[in-house]
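Residue numbers (our numbering), protein chains in the order written: chain A, 7 to 258; chain B, 65 to 159.
It is possible that part of the hints are untrue.
[What the hints assert, rightly or not] Output of the computed footprint for chain A on chain B, the stretches with three or more beta carbons under 8 Å from beta carbons of chain A:
{"no.": "1", "stretch": "87 to 96"}
{"no.": "2", "stretch": "102 to 113"}
[To be verified] Derived Cβ-Cβ restraints for the label pairs, each shown as a range:
{"no.": "3", "chain 1": "B", "residue 1": "A94", "chain 2": "A", "residue 2": "S8", "range": "51 to 59 Å"}
{"no.": "4", "chain 1": "A", "residue 1": "G194", "chain 2": "B", "residue 2": "A126", "range": "52 to 60 Å"}
{"no.": "5", "chain 1": "B", "residue 1": "S84", "chain 2": "A", "residue 2": "D77", "range": "21 to 29 Å"}
{"no.": "6", "chain 1": "A", "residue 1": "R125", "chain 2": "B", "residue 2": "V119", "range": "27 to 35 Å"}
{"no.": "7", "chain 1": "B", "residue 1": "R110", "chain 2": "A", "residue 2": "D77", "range": "44 to 52 Å"}
{"no.": "8", "chain 1": "A", "residue 1": "D156", "chain 2": "B", "residue 2": "I124", "range": "26 to 34 Å"}
[Unchecked claim] Covered by chain B, per the in silico footprint, the following chain A stretches (three or more residues, Cβ under 8 Å):
{"no.": "9", "stretch": "42 to 53"}
{"no.": "10", "stretch": "230 to 241"}
None of these hints come from the bench; they were simulated from the model.
Yeah, the Cβ is synthetic: ideal placement off N, Cα and C, and Gly gets one too.
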Amino acid sequence: MSVDEARLRYVLRLGDNALVLGQRLSEYVTRAPELEEELANANFALDYVGQARLFYGYAAELEGAGRSEDDFAFLRDGHEFENLLLVEQPNGHFGDIVARQFLFESFYVLLLESLTRCRDERLAEIAARAVKEVRYHLRHASQWVIRLGDGTPESHARMQQSIEDLWPYTGEMFAADAVDEAFARDWGGPDLAALRPEWRRRVAAVAAEATLGLPEDGWMHEGGKRGRHTEHFGYLIAEMQFLQRAYPGMRW
Amino acid sequence: MSAKEWPLYEVFIRSRSGLSHRHVGSVHAADDRMALDHARDVYTRRNEGASIWVVRSSAIVASDPADAAELFDPAADKIYRHPTFYDIPEGVENL
Numbered sequence: 007m008s009v010d011e012a013r014l015r016y017v018l019r020l021g022d023n024a025l026v027l028g029q030r031l032s033e034y035v036t037r038a039p040e041l042e043e044e045l046a047n048a049n050f051a052l053d054y055v056g057q058a059r060l061f062y063g064y065a066a067e068l069e070g071a072g073r074s075e076d077d078f079a080f081l082r083d084g085h086e087f088e089n090l091l092l093v094e095q096p097n098g099h100f101g102d103i104v105a106r107q108f109l110f111e112s113f114y115v116l117l118l119e120s121l122t123r124c125r126d127e128r129l130a131e132i133a134a135r136a137v138k139e140v141r142y143h144l145r146h147a148s149q150w151v152i153r154l155g156d157g158t159p160e161s162h163a164r165m166q167q168s169i170e171d172l173w174p175y176t177g178e179m180f181a182a183d184a185v186d187e188a189f190a191r192d193w194g195g196p197d198l199a200a201l202r203p204e205w206r207r208r209v210a211a212v213a214a215e216a217t218l219g220l221p222e223d224g225w226m227h228e229g230g231k232r233g234r235h236t237e238h239f240g241y242l243i244a245e246m247q248f249l250q251r252a253y254p255g256m257r258w
Numbered sequence: 065m066s067a068k069e070w071p072l073y074e075v076f077i078r079s080r081s082g083l084s085h086r087h088v089g090s091v092h093a094a095d096d097r098m099a100l101d102h103a104r105d106v107y108t109r110r111n112e113g114a115s116i117w118v119v120r121s122s123a124i125v126a127s128d129p130a131d132a133a134e135l136f137d138p139a140a141d142k143i144y145r146h147p148t149f150y151d152i153p154e155g156v157e158n159l
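Okay, chain B solo, but in the shape it has when bound (with noise of 0.2 Å):
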């Protein structure tokens, strides 16, 4: 391996037209076009992929681990943001 290392690259496979691109890991790569390649030699050698995003990890902006409890722990209990709780007309067909 060489002391310094190629920046990492977070990648994004879409498997079939009309699904999303799921991250799928990372590789290492000297640039844009090489990590295009990368992911392709490392993530779609089983005929996983119709679409290959990738995206400089130091372009990621994540939430952080700690602030898990401000963020999300308040959705906990607003079980009226799940739309379950109508009742449907009858005769509706399309809602």
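Just chain A, with the same shape it has in the complex (with noise of 0.2 Å):
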């Protein structure tokens, strides 16, 4: 794999995670419990997309075969999409949904910090932005962590499942694949193993404060990275590009 075949493979992964987490919160738009959560929720929803829009810009520009940002969100087949399994996981209930936030944001302000201070200056600048954004975002989340932990035995005991129903999709997040390997090594990006002590430090002292248990590392999920999903993936993408696909071109 050339240097910069692993760039943009690298940005636009950056940019599935943001676009497909990005239409996970877009689909509870409507639905959030309080109309405070609900206005949070559709601002969070479109930081992600407005994430996705900066990353994919940047990998057309790296491409430069006269693909746009809409190309990459609507025009490619769900194998094409190197998310990580995390953010494509259902919502559920509403605990679900804190629980996704909370372990991937932990790990995705990591991530971002790490990449203000890498070599290729573009992707520093936009890290630089969506940090901002996403340390918000994870302040939200962790206080919903706390406050349904440390609610009632109902609320306790659903954020404990949640955390443990999602934890199998956490290990994906720091295994370093030939891609993750050549961007750290030619332009300075995170050592994702590296990563992996702090965020689990982190998440530990929110979940202490929140009195819920971590469960222990056993077997991880992971081939979102090579564009393996899980079932629900499909459906997402589905409804989606649904709109790409059936009117091309289409614009309003």
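Two independent chains are provided; combine them into the complex using the hints.
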């Protein structure tokens, strides 16, 4: 894999994570339990779609093949998306969303902070902008983990279950493949395995305050980075891409 | 909506350094930190804010509109309370 090819795939993956998570959060619009949470959720969804646009826009320039950000989002098939399996997991109930956001964003903040120091200046700038948004998302999610974990017996039990259900998807975040290694070597990108102890420490600190236990690291799902998705993903992109597939080039 | 509503908080936003906080509206929240987040999410989406205060609505002591006559009407004809009757002597630069 050439230096350029690895960098392109690395940037596309960042876009894929942001777009897929933004799409998931968009699905929850009009379904939040309170009006204020509704606005918060919609803000978060749009933050992620905005980040996806920045990553895809940059990827389009790197590729230089005439594809646009919209082409990456709406005209690629499922196996061409290389997002983490964690971000495509269905919304479930409110606690499931909180757990997914908390586990991913605890990692994503560390990833973006590291990317602000990489040698790809454009990517460092995008990361610097995105990390401000995600720090707030994480603060919001962390407070809900604490509130629900340290809440009623029912909210505690459900929050604990949500964390346990999603835990097997967390290993993939730190499993570097050839693309990650090439970007780390050639552009000063993050060493994913090295982020794991700090992620674990931060997650454990919030869990302790929430009176929640963290699961043992057992067998972990993986495959997202190779375009092998969970069954939920097909439904997600079918809905997301429907309009451009049914009416190619449609604008409004 | 939940059957039991969260408490109401009043939201005050300061838009720039040097200005004072202004009341902009209210949010429902289960606790103080949630109120601050909700205020941020609802009232500063369009770059309105540099600082946020939230306070439980129940902590605000308000005047009764029925008392308006005794509270405010007496000030209506005290024009001498407005500092507009002074001639400024010549040569005074800072007053």
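Verification of the hints:
1. With 5 residues having a Cβ less than 8 Å from any Cβ of chain A, the stretch 87 to 96 of chain B passes the three-residue criterion, so the hint holds.
2. Figure legend: the stretch 102 to 113 of chain B, annotated as covered by chain A; annotation consistent (5 residues with Cβ-Cβ distances under 8 Å, at least 3 required).
3. Restraint check, A94 of chain B to S8 of chain A: a C-beta distance of roughly 53 Å satisfies the suggested window 51 to 59 Å.
4. For G194 of chain A paired with A126 of chain B, a C-beta distance near 58 Å keeps the hint of 52 to 60 Å intact.
5. About 50 Å separates the C-beta atoms of S84 of chain B and D77 of chain A, a value inconsistent with the hinted range of 21 to 29 Å.
6. In this structure the hint that R125 of chain A and V119 of chain B lie 27 to 35 Å apart at CB is violated, the actual value being about 48 Å.
7. About 31 Å separates the C-beta atoms of R110 of chain B and D77 of chain A, a value inconsistent with the hinted range of 44 to 52 Å.
8. The hint said 26 to 34 Å for the Cβ distance between D156 of chain A and I124 of chain B, and at roughly 29 Å that hint holds.
9. Only when three residues or more bring their CB closer than 8 Å to a CB of chain B does the claim for the stretch 42 to 53 of chain A stand; here the count is 5, and the claim holds.
10. Counting residues of the stretch 230 to 241 of chain A whose beta carbon lies closer than 8 Å to any beta carbon of chain B gives 0, which falls below the threshold of three, so the coverage claim is violated.
Against the hints set out earlier in the document, violations occur for numbers 5, 6, 7, 10.
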